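Line by line, the protein sequences give chains C and E.
Everything in the first sequence is counted per this note's numbering, starting at 1 for the first residue and increasing by one.
Everything in the second sequence is counted per this note's numbering, starting at 1001 for the first residue and increasing by one.
Be careful, since some hints might not be right.
What the hints assert, rightly or not - Covered stretches of chain C, going by a simulated chain E footprint (3 or more residues, C-beta under 8 Å):
| no. | region |
| --- | --- |
| 1 | 89 to 96 |
| 2 | 111 to 117 |
| 3 | 195 to 201 |
| 4 | 219 to 232 |
Claimed, not checked - Restraint-style ranges between C-beta atoms, simulated for each label pair:
| no. | chain 1 | residue 1 | chain 2 | residue 2 | range |
| --- | --- | --- | --- | --- | --- |
| 5 | E | P1148 | C | A193 | 20 to 30 Å |
| 6 | C | L164 | E | S1241 | 26 to 36 Å |
| 7 | E | Y1062 | C | V154 | 43 to 53 Å |
| 8 | E | D1087 | C | F148 | 43 to 53 Å |
| 9 | C | H220 | E | M1175 | 22 to 32 Å |
| 10 | E | K1120 | C | S130 | 46 to 56 Å |
| 11 | C | L164 | E | G1156 | 27 to 37 Å |
| 12 | E | S1241 | C | D65 | 46 to 56 Å |
| 13 | C | G86 | E | P1059 | 39 to 49 Å |
| 14 | E | W1251 | C | V154 | 40 to 50 Å |
Worth flagging that the hints you see were computed from the coordinates, not collected in a lab.
Bear in mind that the values here come from a model prediction, so they are computed numbers and not experimental data.
Even glycine gets a Cβ: it sits at the ideal position worked out from N, Cα and C.
Each chain, letter by letter, is given below.
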Amino acid sequence: MESRFQHIFLMPTFKAQGRLTLKVCLLGVLFSVSGFSAYAAEPGDLELEPLLVREPERREVEVDDLDSEDFEIGVFSGVMNVEDFGSDTVTGVRAAYHVTEDFFVEAVYGKTTLGQTSFELLSGGAPLLSDEERDMQYYNVSLGWNIFPGEAFVGRRWAFKGSLYVIAGAGSTEFGGDDRFTINAGVGYRLIATDWLAFHVDVRDHFFESDLLGTMENKHNIEFSGGLTFFF
Amino acid sequence: MKISSVDTKRHLSRVLLTLAVLVAGLQANAWTVFEKYQPKVLVSDPYLELRTGPGRGYPIFYVAGQGDEVVMLKRRTDWFKVRTPRDKEGWVHISEMQHTLDLDGEQIDFGALGLNDFTKRRWEMGFNGGDFNGASSLSGYLGYALTPNITVQLEGTQILGDFSDGVMASANILMYPFPKWRLSPYFTIGTGIIKTQPQTTIVAAEDREDEIAHAGVGANLYLSDRFMLRMEYKRHTVLTSRDDNEEIDQWKAGFSIFF
């Protein structure tokens, strides 16, 4: 642009000296105008009020960082009847992972002691198993289904959250020196006292085959227990 | 003596004070470390239903209104515990939470689990049972996906037979040719140790410990959320100290959870 203006306005200045001053003036004005326009094109030197740059405070919500309480661990105690061996106290620990509101996976380890069979009692002596072999322990992994979730009402004043669940799984039972493949199935009720504490009542059948008394037989062993668990 | 005992007392009290301040400071620090993340969200639907518990079986007892800022406290399965501006605390299902906005008015990614998460899973654990050469077998495993196509896993198995019991520990590698399929087949190879002991009702047999190698095929079926089913067939070669190696077939099925 400037060179073109120079070309147009400077050429005649050599010919007409008299009009030189005017031309120079004009030129000066033009230069200043064009110079100014060039000047204006650079935003850095603008004499405007400084822009207020606000860094927006990001308030994005990270759902994964939220405290999640899908695990439940606890202890239980009750009575277990072992077929042929009578009933005795059972104690154990349980851990569960709640996959959805409907389904959970539970692992249990329990311990009880076997009593004497009627054969041993009647024969008067001749113990079938040593004391060590009378310690019975089992573990299992089961899948539970919260079949009837809802509130339970106690009297007029109290409402408790809870759920009746059915549960079944497989595991192993050790007694008399051997391990036996064991299927378990049962029903339980979970009463949720607070967000982190729950009470359980469980009835469970542990089923296995055993030939300890001569022939291979199906054995049903019923366990009735109560316990408490913590959510975390 | 008296003066010195007073001095000691003063000194002691100063030390105690310093300790107290230190402990208080540490506690404050610990508090900030364990401070829970409790973000605020904006109700953009006409209302947000709060239930008394984390499940559809629990009744709705309060409704937060449009424009309310609610605090997210914690999560259990697909339910979120929130606190409303009026200090009501209740549980809201993820399907309703998905319609809330963050305080900038942006949508929040609640990341409902789907087939994509199944494909991209990293950790998984499972439990299964089946048949091990006529005996029952129970196994648990822990797996880690190096890529969507390759998973390494550790597995422990208990074998419960009529004549003998055993335990087996093995390390496996699994190859998934089609990791994006809902029913995703795989090949597996591995090695480990098997320990067998005869039942006590059988006489004159001894415990054995042998190395074992195996190859197999199987498939995972993605159900929903974090659940999948697994079926597997393996052929084991027990490297015995006798003249012949023993070949064992194992069939099993079970369920797994991924994280």
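Structure-based check of all given hints:
1. 89 to 96: With 0 residues closer than 8 Å to chain E, the region 89 to 96 of chain C misses the three-residue bar; violated.
2. 111 to 117: With 0 residues close enough to chain E, the hint is violated.
3. 195 to 201: violated (count 1)
4. 219 to 232: Per the Cβ count (1), the hint is violated.
5. P1148(E) to A193(C): 20 to 30 Å: Given range 20 to 30 Å: violated, Cβ gap about 43 Å.
6. L164(C) to S1241(E): 26 to 36 Å: Violated, at about 54 Å.
7. Y1062(E) to V154(C): 43 to 53 Å: Roughly 22 Å apart at Cβ, these two residues miss the hinted range, so it is violated.
8. D1087(E) to F148(C): 43 to 53 Å: violated (31 Å)
9. H220(C) to M1175(E): 22 to 32 Å: This hint is violated: roughly 43 Å between Cβ atoms.
10. K1120(E) to S130(C): 46 to 56 Å: holds (53 Å)
11. L164(C) to G1156(E): 27 to 37 Å: Since L164(C) and G1156(E) have Cβ atoms about 33 Å apart, the given range 27 to 37 Å holds.
12. S1241(E) to D65(C): 46 to 56 Å: The hint (46 to 56 Å, Cβ to Cβ) holds, given that S1241(E) and D65(C) are roughly 55 Å apart.
13. G86(C) to P1059(E): 39 to 49 Å: holds (45 Å)
14. W1251(E) to V154(C): 40 to 50 Å: holds (49 Å)
Hint violations for this structure: numbers 1, 2, 3, 4, 5, 6, 7, 8 and 9, all remaining hints satisfied.
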